[in-house]
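Just so you know, the protein sequences line up as chains A and B, in that order.
Just so you know, we're using this note's numbering here: the first sequence kicks off at 1 and counts up by one.
Just so you know, we're using this note's numbering here: the second sequence kicks off at 1001 and counts up by one.
A few of these clues could be false.
[Said to hold, decoys possible] Facing chain B, according to a computed beta carbon distance under 10 Å, are these residues of chain A, among others:
{"hint": "1", "residue": "Thr43"}
{"hint": "2", "residue": "Ala79"}
{"hint": "3", "residue": "Leu165"}
{"hint": "4", "residue": "Pro185"}
Everything labelled a hint here was simulated from the structure, so no lab data went into it.
Ideal placement from N, C-alpha and C gives every residue a C-beta, glycine not left out.
Number of protein chains: 2
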Amino acid sequence: MDIAIPIYDRFAALDAVGPYEVLSRVPGAKVTFLAEQPGPVKTETRMLTLVAEASLADLPSPEVIVVPGGFGNRELLEASGLVDWIRSAHETSTWTTSVCTGSLLLAAAGVLDGVDATTHWLARDELRALGALPAEERVVERGKVITAAGVSAGIDMALTLVARLTSDEVAQAIQLGIEYDPEPPFESGSPSKAPGEIVELVTTAAKQYA
Amino acid sequence: MDIAIPIYDRFAALDAVGPYEVLSRVPGAKVTFLAEQPGPVKTETRMLTLVAEASLADLPSPEVIVVPGGFGNRELLEASGLVDWIRSAHETSTWTTSVCTGSLLLAAAGVLDGVDATTHWLARDELRALGALPAEERVVERGKVITAAGVSAGIDMALTLVARLTSDEVAQAIQLGIEYDPEPPFESGSPSKAPGEIVELVTTAAKQYA
């Protein structure tokens, strides 16, 4: 089973590597990091480089697509090889999924027209402007499309996806294998829980990356 | 502030990238992936390659050390450049931390002699054999040493570390920035919660990597 994770300059590292760590443990799965061209790709916070093993053209029809988010994708929305690839690969995929603002790329490819979907909480208006119906759940499954909220939500999404691809037992085993029994040190992981001044701080800070 | 993440063949991707995503967002932090030699380093499940930007020798005294786990570290415990580097860097570090079986490397370097520490739940006996006192908490802080449980626990650890390095407000902002409001799809993230047959399945499966 081919699972493709397409990456691009300034994608968010954890958006891709959270699902990777889960999906690469599925028996029989082959996970491939793709980019426009094979080679090194820098992450959003610029201090880590991942290697794309293949080009988008090398893997046109993977069974599973996982599109990570990151501020670098805004310049790809209008017209790009990545959006074209998503549009085409979605025609034959078994599952098309995204993490964080990866859903903006799915929407730009027409995958989310009139479809409930989620994204990073700061990007809900952008998602709506691209034709999707922003939902507040952390993981939104509609037909063969699964979208996840910001960054870390890719881990929850990937475990759900494993259950669909295989069985609850395999998903539970992988969850135990990565000891995913989270204990966030603060109650600040969503805008509905975080103190108002923290929400403001992050909203302002995000502008430096945009 | 220099934060070093030393990696090695067959380290676990999420062990390193979870903390990276958190720590690279700390104002003024410079996170560097190090290896014996700079260049590509393959992760535990063999389908992803990260790039080490510098050699261990290039950064002998970072303020913060984050050592990821992974099955590849077993052959480094007896004698290795990495263990020597940890022993020496720990003398001047402000914080010395590990994720998952990264604590085995800390222990091999003498950092955990008679110290409470945690690791992946499957590696507690190995940790004890190296002189540490295995604890069951997800994140264990003793003086300047913080150890985290398996793989995904590095995210919890890194957020705790950010609070120590800066303030609770910055840690909360980063937690909100990565939307870390986890909703694991199953109650199977620790051996005390997972069904007995799942614990057995993972214990058996782990042997293929060892």
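* Asked: Should the hint that Thr43(A) touches chain B count as held when the rule is a Cβ pair under 10 Å?
  -> Because about 8 Å separates Thr43(A) from the closest Cβ in chain B, which is inside the 10 Å limit, the hint holds.
* Asked: Can we keep the Pro185(A) interface hint, with Cβ of chain B closer than 10 Å?
  -> Result: holds, 5 Å to nearest chain B Cβ.
* Does Leu165(A) pass the interface hint, meaning its C-beta sits closer than 10 Å to a C-beta of chain B? -> Violated - the Cβ of Leu165(A) stays beyond 10 Å from chain B, reaching only about 13 Å at its closest.
* chain B contact restraint on Ala79(A) - CB to CB distance below 10 Å -> Given a least distance of 29 Å, the restraint on Ala79(A) is violated.
The structure shown violates the earlier hints numbered 2 and 3.
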